[in-house]
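Student: Sequence:
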Amino acid sequence: MSSLHQQRGLTLPRLQHVSLPIPTDGQEQVRAFYGRVLGFVEKPVPQSLTDRGLVWFAVGDGEMELHFIPDPNHPANPEESRHICFEVPDLETYRQALAAAGYEINEAGPIFNRPRFFTLDPFGNKLELTTILGSYLATE
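Position 138 (the sequence shown) corresponds to 138 in full-length UniProt numbering; numbering is contiguous.
FYI, nobody ran anything at the bench for these hints, they're computed from the structure. None of these values were measured; they are calculated from a predicted model. Check each hint, because a few of them may be wrong.
As the list claims (entries may be wrong) - Computed spacing ranges between beta-carbons, pair by pair: (1) Val37 x Ala97: 34 to 42 Å; (2) Asn113 x Asn73: 38 to 46 Å; (3) Leu15 x Ala101: 40 to 48 Å; (4) Gln96 x Arg36: 39 to 47 Å; (5) Ala100 x Pro23: 33 to 41 Å; (6) Val59 x Asp121: 17 to 25 Å; (7) Glu42 x Asn125: 21 to 29 Å; (8) Gln27 x Gly134: 22 to 30 Å.
We put the CB at the ideal spot given by N, CA and C, even for glycine.
Please work from the sequences and hints to get the whole structure.
Tutor: This is the structure in structure tokens:
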């Protein structure tokens, strides 16, 4: 018996990151809790996103990460920044499959070596899909 992914010629997506909103002045609290208390290692954000006050932590092998996004409406509007990101080997195949199934594709701002887009699941949960082509720090 083959899985739905095998039947469609797709590789199973890998969890790449989870993004959570924080208050706009919450960076030091995030660093204290996730960095000093839980021991996660903070990592640099892509140069194209440095003006947003983001805090990223490595939380597993490869590029499994936690992203914290300052949100002036936190906690009133957490769905703006809260999302799950899946790494896929062929972004265009997933783009076509989602569009063919009737899901809207929302293009994302550029990150070097990270083509990506957003969509919503049937329940309105925000999903990001990306393909990792290399280090986003390669040009910095």
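Student: Against the earlier hints, flag every one the structure doesn't satisfy and list their numbers going up.
Tutor: 2, 3
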